[in-house]
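Generate coordinates for the entire structure from the input sequences, incorporating the hints supplied.
Here is how the chains run, residue by residue.
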Amino acid sequence: MKTLKIEDLSKNFGSTEVLRKINLEIDEGNFLVLLGPSGCGKSTLLNIIAGLETINEGNVFIDDYNVSKVEPKDRNIAMVFQSYALYPSMNVRENMIFGLKQAKTSKEKIEQQLEKVSKFLQVDQLLERKPSQLSGGQRQRVAIGRALVREPRIFLFDEPLSNLDAKLRVEMRREIKKLHQQLKTTVVYVTHDQTEAMSLGTRIAIMNHGVIQQNDTPENIYNKPSNTFVADFIGSPSMNLIKGSLKESSGEISFTASGSNFEIPVKGYGFKDKSNLNNKEVFFGIRPEHIYFKKSNESDFEVTLRADLSEYIGHEQIMTFDYANQEILAKFPSTIKIELAKETKLYFDLTQTSLFDAQTEERI
Amino acid sequence: MQDNLKSSSYQQLEQKSKYTNMFLRWFLYFVLILFASYFIFPLYVMVVTSLKTMEEIRQGTLLSWPSGLNFDSWAVAWGGRGYGAGDTFLRPYFWNSIKMVVPAVFFSTLIGAMTGYVLTKWRFKGDSWVFLFLLFGCFIPFQAILLPMARTLGALGISNSIVGLVLVHTVYGIPFTTLFFRNYYVSVPTELVKAARIDGAGFFKIFFKILLPISAPIIVVTVIWQFTQIWNDFLFGSTFSFGEAAPIQVALNNMVLSSTSVKEYNVDMASAIIAGVPTLIVYVLAGKYFIRGLTSGAVKG
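If you read the protein sequences in the order shown, they are chains U and F. Quick note: the first sequence uses this note's numbering, first residue 1, plus one each step. Quick note: the second sequence uses this note's numbering, first residue 1, plus one each step.
Among the hints, a few may not be true.
[Claimed, not checked] Residues from chain U that face chain F, not an exhaustive set, calculated with beta carbons under 10 Å:
#	residue
1	VAL70
2	LYS73
3	PHE98
4	ASP124
5	LEU127
6	ARG146
7	GLY235
Because the hints were derived from the structure by calculation, they are not lab data. Given the structure is predicted, the values throughout are model-derived calculations rather than measurements. For glycine and all other residues, C-beta sits at the position ideal for the given N, C-alpha and C.
Right, dumping it as structure tokens:
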């Protein structure tokens, strides 16, 4: 049984296609993050799961029950919003029990739930306050509390940390993580912040233009991006994509950047399909953090590049090198001194590379 | 040497700008006082005239002070002289107006709030067109709809009645009240409505429990606007009612214009003040809440 299953879901606003044939499954207790740039349809998808938006095509199942036409209140879900959406005229207590009261829950049960949740979230001292008398972090807690008291099957979070300042955001992120670890509930979480997605999610679905680009564990998203969009979107600075082609001769496979003769052996790369590789136009992807200043492994491959630019950011530095007239970035500890406009020996970690078809932009 | 020169010239400049500032300030006060007296002057004339006897009015000037606090003309304006036919006084018409203005303000405000709520929080296909047509209602000259409205009231059997006037004022208030509430609710985050829907609240519950409690500032604005409009209306009142059913502004007009013998300026002035006092009271009372509502409103973080 899947806690949440989305089947061939499409949605358009007028002639604008917002979501296209979305398929998604979540197992009990998982934390799924919907990640993507603004306008990719992730919030619409969340609203559809909540029942706040109608569907043009496809179905949504919760616990194998088709809820596509079910009212939001009957879907057994709870949602936390970016603006917290606390009812301004009600105090914290009234805010938290509003849903239970609507559901005609017994008085004892309401009191019991309220006490449990408010203690758990440490808002039991604030019950008589109005939302306007709370700080941003407290409001966030109350908003989560309002969702918790209903004991839903699925929690939906719509960019809940975007309105907080940087320091509080990191704190609340940890609290949400703790919350999930303790309660083991199923969560769908929308964000455009990749750090949030990486640190919170047990699975991440990266979306762009209404299509899920990759739905995988954070490790796989980072190490084995399924296309150039994912490779480019995740990581800061993002993955270097060097344009070039493959060459296959007598069992050896190598990559050559366009406009150069320098060959990088890629025989060890885990190709999905080893046929027709010769002369294939590809992007060679390597993350800035997988370019080393010192050789540390047998598999590290030596290249000589000219340093063009150095950006110092405290604990590390980001260097820009010229690779056959293409810019590539590398990240080093700031203790290393590299002279600009000079050829420098660097090492590519060939176990951490990705190759993408230049036409389809898909991983090969 | 040069420093000395400099500092003395700075002192001169400082002195000069001090005088200029002082002059400008006094000039500003002078202008303000002038304007204020210009606006207060008619009120002054009305009040003093209403307190004078006819004798004093004939002998004194417009500005002269009354001999004492003589409220006789106020009593006449409010309650009449006590003889039968032809004695027009404001009391019954004042209550007519109250009976008209209270329900008309209530219903037009409530309906406007609901329409504004629907147009912002329950968007539907073509809603912007509905709003556009509603806005159009704000710009229609009221003279243009007198005839069709008269026919409608006749067909409904409520012409020449308070109920009819309530209907007219409610209908023609809705474009304005809708505009006010729509513009207010646009700034209320729609996530509030979404949260309430997930919590299981329906259309009316969300309106009465979530949105209406945070609408105090705009309710006050709407009530002030509607009350003033409806209370001061003469056109609809004089067209759709006569005799017993007339509102106060119509009665005031009849009183002042239909005097057969001598013009009783003191009674006229007292009547005019009585007819204007309720709107003033609404401004004074609600204005306070208006400012309070504006400063304490905390919809967003």
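Here is how each hint holds up against the structure:
Interface hint at U:VAL70: violated, since its Cβ lies 12 Å from the closest Cβ of chain F, which is beyond the 10 Å cut-off. Against a cut-off of 10 Å between C-beta atoms, the interface hint on U:LYS73 holds, since the closest Cβ of chain F lies about 4 Å away. Given the 10 Å rule on beta carbons, the hint for U:PHE98 holds: about 5 Å separates it from the nearest Cβ of chain F. For U:ASP124, the suggested interface contact is broken, since its CB lies about 21 Å from the closest CB of chain F, more than 10 Å.
Given hint, U:LEU127 at the interface with chain F, is violated; its Cβ is 18 Å from that chain's nearest Cβ, farther than 10 Å. Using the Cβ-Cβ criterion of 10 Å, the hint placing U:ARG146 at the interface with chain F is satisfied: the shortest such distance is roughly 8 Å. Proximity of U:GLY235 to chain F is violated relative to the hint, the smallest CB-CB distance being about 31 Å (cut-off 10 Å).
The earlier numbered hints that this structure contradicts are 1, 4, 5, 7.
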